[in-house]
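Student: Respectively, the protein sequence lines represent chains H and E.
Every number in the numbering used here is 259 more than the matching position in the first sequence, counting from 1.
Every number in the numbering used here is 77 more than the matching position in the second sequence, counting from 1.
Read the hints as simulated data drawn from the structure, not as lab findings.
Where is the CB? At the ideal position from N, CA and C, for every residue including glycine.
Some hints could be false.
Negatives, chain E to chain H, calculated, CB over 12 angstroms [what the hints assert, rightly or not]:
1) Lys96
2) Ala176
3) Asn209
4) Pro270
5) Leu273
6) Thr351
Here are the simulated lysine to aspartate or glutamate pairs, EDC-like style, with alpha carbons at most 20 angstroms apart [what the hints assert, rightly or not]:
7) Lys110(E) with Asp434(H)
8) Lys285(H) with Asp413(H)
9) Lys340(E) with Asp413(H)
10) Lys290(H) with Glu304(E)
Read off the chains here:
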Amino acid sequence: MITIGVLALQGAVREHMRSIETCAAKAIEIKHKEQLADIDGLILPGGESTTMRRLIDSYGFFEAIQQFGKQGKPIFGTCAGLILMADEVEEQVQSHLALMDMKVARNAFGRQVASFEASLDIKYAGNDFKAVFIRAPYITKVGPKVEILATWQDKIVAAKQDNYLCTAFHPELTDDNRIMQYFVSMVKQREGSPVAAEI
Amino acid sequence: MTNNTGTERVKRGMAEMQKGGVIMDVVNAEQAKIAEAAGAVAVMALERVPSDIRAAGGVARMADPTITEEVLNAVSIPVMAKARIGHIVEARVLEAMGADYIDESEVLTPADDVYHINKSDFTVPFVCGCRNLGEAARRIGEGASMLRTKGEPGTGNIVEAVRHMRQVQSEIRKVTSMSRDEVMTYAKEIGAPFELLLDIREEGRLPVVNFAAGGIATPSDAALMMELGADGVFVGSGIFKSDNPEKFAKSIVEATTHYQDYKLIAELSKDLGTAMKGVEMSTLEAGDRMQDRSE
């Protein structure tokens, strides 16, 4: 069985753990960077991106996560996780982990009173997906390697680049596990590939 | 395609994203920025921190909107603000200003000594205080999307927050072990909505997050509350009433994340300067106990 870790510094960790387990994979909470060696895929959960970034730096996660990604291991970011993965953040000089060739805007739909639910069609995951957007970001620009998986009112809200997957909304807050299932399949595919055996 | 704002899932979900984090009381933009830089997941915009409200006496109301606005413009993390218990208009004003969360709070002087706000009517989510499962369930029934212990605000004394967290946890365990026919009588005894108790019995937990608040003054206090099952912590007077707010704020954030890493907490607690002085409960007059202002 494959093992998926959830970065457990702050945010909606428990919901992702449940979702992973529902998809018949083993879930563990990642609190120390050494634990990255024990997992096949990593989830950067929703929460406050500024808080998570500070804790990522305090505990030496920054390079460890980048390295994890460079090995070709899948990483899935939701909401704050998506912000952490972007190359560029609007109105900020510095980005965070810079894993994906894209630019994002924070709180792009507005403050909490503007947070909403919407039904989306998502490539690889299926149609009529109930998406929960909470002070959500969206992607304002993507590079050639990034594949757009879903949009809401012409804004990009889900994307994929090689072993990286991200959504601006929170699939973990509903019982619909189709996106998690897709991520699990990304992890399994890599585990079964010859590239994985070499590393 | 539909687009729905203010749904229960969106309101409760917002609180889920705050889990494992620290929410700090601030009274101006400068403090808000210090809190954000230290890693706070949200700030609570206030005119005075609870210990100053306690010292000032008189009627404590919603903060001057100038302060709330200043804080809203200063940071990108969520901003919460307090309305008086039962004060529908203060809450509507805060919602109209764009506050991300409203604390219907016993720290302010209640505007209604019988009814709380019907929070389900609002698009903005609410957090409310509770001392036991009955209060917790009534607030959820009224539409609160997040709970916190009441503790005894502005005292720097953790004893009441500990009492309230333990009480809620213990009553959840009790209801979880009940047979269905016992739940109705228990609902009557503690004044809780029956259906909600059935849900809690099924899930073994509250349907919303429950933070610790009221008296947290040190990194160890924050870690203690996490150990007792809090989903996160509110720190009111503790940070900006300490000698070195910046360091204090960072230490509390890290102690909350790594609440079982005791060596780290020892390091975090070194040279923090003096924590706020604190108040012993037996010295408080009955009328000075903020936690008794509502049930």
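Student: Flag every earlier hint the structure violates by its number, smallest first.
Tutor: 1, 2, 7, 8, 9
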